[in-house]
Structure formats: C-alpha cells, structure tokens
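Number of protein chains: 2
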Amino acid sequence: MPYTIADMHDLDRTDPLARYRERFSLPDGVIYLDGNSLGALPRAVKARMDEVVATQWGEGLIRSWNTHDWIDLPDRVGDRVGRLIGAAPGTVTVADSTSVNLFKALGAALRLRPGRRVILTEKGDFPTDGYVATGLAELMGQGHEVRFVAADELASALSPEVAVLLATEVNYRTGARLDMAALSAAAHAVGALTIWDLCHSAGAFPVDLGAVDADFAVGCGYKYLNGGPGAPGFVYAAVRHHADLRQPLTGWLGHAAPFSFAEDYRPAEGIARMRVGTPPILSMQALDAALDAFEGVDLREVKAKADRLFSIFTAAVAELGLSLATPADPERRGTQVSLRHPEAYAVMQALIGRGVIGDFRQPDIMRFGLTPLYLRYEDVWAAAGILREIITSAAWDRPEFRRRAKVV
Amino acid sequence: MPYTIADMHDLDRTDPLARYRERFSLPDGVIYLDGNSLGALPRAVKARMDEVVATQWGEGLIRSWNTHDWIDLPDRVGDRVGRLIGAAPGTVTVADSTSVNLFKALGAALRLRPGRRVILTEKGDFPTDGYVATGLAELMGQGHEVRFVAADELASALSPEVAVLLATEVNYRTGARLDMAALSAAAHAVGALTIWDLCHSAGAFPVDLGAVDADFAVGCGYKYLNGGPGAPGFVYAAVRHHADLRQPLTGWLGHAAPFSFAEDYRPAEGIARMRVGTPPILSMQALDAALDAFEGVDLREVKAKADRLFSIFTAAVAELGLSLATPADPERRGTQVSLRHPEAYAVMQALIGRGVIGDFRQPDIMRFGLTPLYLRYEDVWAAAGILREIITSAAWDRPEFRRRAKVV
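Protein chains in written order, with the working numbering: chain L, 7 to 414; chain H, 7 to 414.
Next up, chain L with everything else stripped away, as it sits in the complex (with noise of 0.2 Å):
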C-alpha cells in the first residue's frame, strides 16, 4: 500500500473542491462509486421540487407556463449545461432522452450531407447511438450504411462518403477518452460533421465544443450532470448550422409560434427547433437545481482530482492483478476506472454488500465512478480496501452474489 489513512485525510484536507460535498445529500454506509450511471442527490433538489409541486404547479397552476417561464425552461437550463461544455448561449436545448436527442441531431446532420451515405462510429460504444442510427438509416430508406470501426481505427476510416461521425468522447465501458479534437478537424478535412455523444463527459472535465468546432452532440442528465434518474437529455447544434437546420421529429414547441396552432409547421429560429413535444417539467426543474452544485466549480480541478483518486485507488489495488481497462494516460480516458474480472458481476454484488456501490459492465468489468464533487480522497481509499479484502478472501464465490439483479 503506497499511501495510509493519514494522506488521505491529508488529501481532504486541502483539497479546494471539499466544501462542494455539502452541497449533496449521500446516504451513511456508502461509498458512492457510481456517480457515472446516477448521479448523487444535490440537496437543492429538494426543495426546488418542494416549491415546483406545490406552488408553481398546484397554486400557479396553468399560469406557471407565463409566471415561472416554463416555457422558455429548456433553453435555459440548456445554456446551464453550455457553459460545462463549452456551447455558446443558445446552442443547447434540454429536452427527451439522449436517444431521441441523437434522433434529432443525425436527422438534421444527414440533411446537411444529402450526397453521403456513411454514418461512422465506434465499434463497442453505448450501443443505443448504433441503435439509433441503425433505425433512422432504415427508415430513411436511402442506403446509409453504419460503419462500425474500432476507436484506433475512426480517424483513417473518414474519407468524402462518411456524412457523420457519431462517436461517444468517453467509452461507457472503458472509460477511454477520444481526441476530439483531432478527430474532429479530420471528418471536416473529409467534409464530414461530427456528433459528439458527452454522456460521460458533461460535468466529469473540461469539455470545449466551440474550440473543436463541434457540429452537433448530445449528453445526459443523469449521470455527472446529477440531475436525478431519467432527467432530460441534452443537444447542441453549433449556431452555423441554426439556419438550415430540419430535424425529423417536427413537434408543436418546435415550432416558430407553437401557440399559433398554425397547420403547416414552420420551425423555431435556433436550438428552440431542436424542441419537439411538451417536456417534463418536473424533471427539468429538478436538473436545473442540480446544476447549481457547479457553481463556481471549475472543471479543471474536478479532473485533476478525479486523476488523483484514480491514482490512489489503481495504486491501492494494483497488488491484485486486476487488469485496468482504463487507460493509464490522464489525457486518454475520462473520470471512470474500469478494472476486468472473470467474476466482476459477482465481484461487484459483495462490494455493494459492504457498501461499496461501483456497477457491473457486460462481460467482465467493475465500473468505478469518481466524481469529485462529493468523493472524498478517504472514500476511494476505503473503498479500494474493501475491494482487496473481498478479492483476496474469495468472499464474492456466494450464490446470492451471482444471482442477477433485472438491472444489472
């Protein structure tokens, strides 16, 4: 063991982005390594859903609409999440689910590249962005092909029939972190657009769609944005593109004036026409409350912390020959730490028994958020005692530890 109790308590001690731990709600007897699935309960939730139910709902009623500026809630919530990634004022909307954001975005993109037929993504990313476009190249019905390529292989695979490169900064799985960048300069140098999917990216580290001149991306509520389970998904469309933008999923608040109940749908200036139908209030507030644990947060050292807890825990069980899937290089992965065994599932289900909470990836990997926010440097030691105790003593080899959960 190359550190003890005393650095980490050390660590925590100086540690700038301590005092951001008050701002969650975290249940006794957990270790919370799982931030990147579901982000922890920022405590001004609360009582935004407190007033939101009871107030804005239950006396303003309809009214809200107007007085609480319902209406406009998604473009503001959505420049909330911009300024985490670098999207200028209204180049974000906050609204659906991820998958049906990526629907949007890759319809639009497709119309912008109407001589293309290549969608191209990672091999072994989240498979939902495959799925997607799958179904759209199906429905379209003009012979796009989604081209599967391993993450090494994306940049030589762009070349003048590629429309769009789909690709997920962060691997779900791996926690390995594209150059986005350099990728994305490549597809334009081809005339490709790119969709970034930032689902592990947003609120992990500094992210910057204006400085790599991102097309479109997409991302998620839930995890490292903590905006609760199955909170609204985001999309961002860079403002060149605003003009001709047609998206597939033409709904009546993307519409230029939705209250005109107008037949022909004309769609809204800007990101509003990424909007489609009326969206959940109550999980938007509850995201836009959740938001307020970044203020005056700087992503820079959330990553760096991030890599210091990765360090600290990677060190603490590196005696156990687990392979790390994760890439060593700080610059190459993300704020996640994915290690292999042969029984992760069960591995995975005794660490939760002793509170531990990390999760389980298809076929063999435990999967440890690290979300600085609210993980202190004496969680992930602890945790990372927990997880030597359990693999050198065999005490995952229990029925009830393979015995699947629904969700696993």
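Think of the hints as simulated: they come from the structure by calculation, not from any bench.
Nothing here was measured: the structure is a model prediction, and the numbers come from that model.
A few of these clues could be false.
DSS-like cross-link-like pairs, simulated, lysine-lysine; straight-line CA separation at most 30 Å [said to hold, decoys possible]:
hint, chain 1, residue 1, chain 2, residue 2
1, L, Lys52, L, Lys412
2, L, Lys412, H, Lys52
3, H, Lys52, L, Lys52
4, H, Lys309, L, Lys52
5, H, Lys412, H, Lys129
6, H, Lys309, H, Lys129
7, H, Lys309, H, Lys52
8, H, Lys52, H, Lys412
9, L, Lys309, L, Lys129
Could you slot chain H onto chain L? The hints should help.
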C-alpha cells in the same frame, strides 16, 4: 337564470363524486376550468415526490432501478392508464411526449401497410399530429401524403390507398367528439389502421380501445390524468400488432435485453418495444401518484357530471349571445365548453383576473375544461356568473387584458 345557488348546493350535496375533490390540492380564490390543459395537483403527488427524491434517489441511488423497480415503471404506469381507456394489460407504456409517441406509432403503422401512401387526418386537429406525420413522411421519402379533411369527411375519405387514419377523438378547440367505433370500423373495412389521439379523452370519460378494436393510440399525461406539467405521454398498441411491430426510434430501453449491451438491436417483447431511452422517473412517479385519484372512480359518472356542468354553464351564459363551438349533443363532445367571442383573448384575461381560469385558443375561442373530480356545481355556476358580469359590463376592454402573454 334557470338555476339558483341553492340548486347548486343541492347538486353538490348529493354528488357521488364530491368526495374525490379532497384528493386534490386547489388554490384559494380560483375556479379552475383549465384541467384540460394542465390538470390540478393531486395531493398524493407531494408525498410521492418527497419519497422518490429523498429515499429512492437520495438513499437508494442506482440500486432503486431494482429495489424500487424503476425499470418497469413505464409499463406499470401504462397498465394503470390502460384501465382508464379500455386497454388490456401489457398494451400501454408511458414515456416520452405525445409527439414522440405519435412518431413511434405512426412509424410502426406505416411499416405494417407498406403498399399504401396516405395518412388521413382531420383538418383543424391539434397541429402536432399533422406536423409529426408530415415530418415522418418527408423523412421516409416514399411519397406518403398527409391528407387533411374535415371531420365529417373522414369516413368518406377512407379508401384502399389509406394506410392510417390518424384522428383525435376530441378536438382541442371545439370539444367535438368523433365516433371512434364507426370510424375504426370504416377504416378497417378498407384495410387501414387507426391511431387515436386520446389527449382530450383519457381520464375525461369512458374510452374502450378494446371494444372499438383500435390499432394504436397515444395520449397525454398532464391534462385529465393530472400527471403534472409535461408529464410523459402514453402509447398503446393492440396485441395483434406486437409481434410485427417495428417502430423507428430504436433506443436501448426498447431492446429485448438492454443490459446485454449487444451491438445489434433486437426489439423487446410486447409493448416494451415502444420504449426508447431512459424515461424521466421523477415526472413518471408524479403521474403514477396522480393516478391514485382515479381509484374507485366510475368514468361514466364523471362524464354524466361533466354533462350536467356543461348544461348549467351554458344555460347561465345563454343570454349573452356567445356562439357555442361545442356540440350540444353529449355523445358528440368531450368534457369542455368552448365559446366564441371576437375578443376572446381579452375576455379570458379578464376572467383570469377575477380568478376564473380557462384558456384562449386561436382565433376566437374561450375554452373551459370540466373536470368533475375536483369541480363543484357551485364553481361552474359562479364562473358563469363572473363571465356574465365581464361581458355585460365590457370589463375585458382594457389594454392590460389585450396584451398577449408568451403562452396563450
């Protein structure tokens, strides 16, 4: 005035639905006649949201997908909605907006009628239905035509080239109700499928999708179902279509084994294949709690009371010479009263200023929703009296009532 306040008190005293009013939290000083736009707050929602936020999310964290069975919530809430619309268990799921659900249902329906090119719909329906249909037709690029005809021409416009009859049972502006049984039979007689938009039906009066042999249906969670602002919508598909149902929004939660993270999309069995991405759990939990307000309620009694409220309201304003846009025949309408006035917007603002909340619809319609679970006879009688005062004194004729709000 054909009625007195004493008559109203008598009616309220003997009303079998009167006891359900206490299931709702209603603001003082307001008569709420807009439950057809945003339903009032059911009391059960507050406690549920407290528990979901603090316990399920805050304490349970990611584990609640299993321990609180979030994963099956869409289909569980779907079955509860299904009981209100005559849908068999396993045929309704809840998630996404009505617009997105319509896209799925229409995409699936068109695929089931590959040789046909016409989507028949009503001119003057809520426009999102036409927008979505037009957007989908354009995306598919197979020459589908969205044919808009007047309500009374729908039956005669059915022909063997019609793939889908897409119709809203109750028109949002007028409250006129289509004959769902007759139109469904006529559609089937020419081999067309039906998609029924139940936004102004579900929870308002008895609907029996099984009896009319409906193919697909969609509807809204935040109007008569009282699920809160932007509550997720629902989608229904008849069992006979499940095996062949392919809908175009192929997201990971519609996969047969979402947690296998398989590369190829394989649709789930049954209605679960209408799922797309992670649903907004907070908003869906609110809808689930809201549905408690329907426990033990007989929707035939709800419609009967709505019809009596309709008679009282219209009789009380009859002398004003306002034109009634809603059919007088109870069988041919839903549960709203729509009245025309050349200055309908200003009149409605004046009403709202007096605590009577209805809404305005272009170009000249004042819309009053009748929601018998939380409206008393005396409320509707009082509202009519205030409308009479405003019209007879021209109290609406002031600049502040003519200034349009963002949402109207």
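Tested hints:
1. Distance restraint check for lysine 52(L) and lysine 412(L): the Cα-Cα separation of roughly 28 Å lies within the 30 Å cut-off, and the hinted pair is therefore satisfied.
2. For the given pair, lysine 412(L) sits about 29 Å from lysine 52(H) by alpha-carbon distance, which is consistent with the 30 Å threshold.
3. Using a Cα cut-off of 30 Å, the hinted pair lysine 52(H) and lysine 52(L) holds, with the two alpha carbons roughly 11 Å apart.
4. Restraint check: the Cα-Cα separation between lysine 309(H) and lysine 52(L) comes to about 37 Å, which exceeds 30 Å; the hinted pair is violated.
5. The straight-line distance between the Cα atoms of lysine 412(H) and lysine 129(H) is roughly 25 Å, inside the 30 Å bound, and the hint therefore holds.
6. Restraint check: the Cα-Cα separation between lysine 309(H) and lysine 129(H) comes to about 26 Å, which is no more than 30 Å; the hinted pair holds.
7. A hinted pair counts as satisfied when its Cα atoms are at most 30 Å apart, and lysine 309(H) with lysine 52(H) qualifies at roughly 27 Å.
8. Of the pairs offered as hints, the one joining lysine 52(H) and lysine 412(H) holds, with about 28 Å between alpha carbons and a cut-off of 30 Å not exceeded.
9. A threshold of 30 Å between alpha carbons decides the hint, and for lysine 309(L) with lysine 129(L) the separation of about 26 Å falls inside it, so the pair holds.
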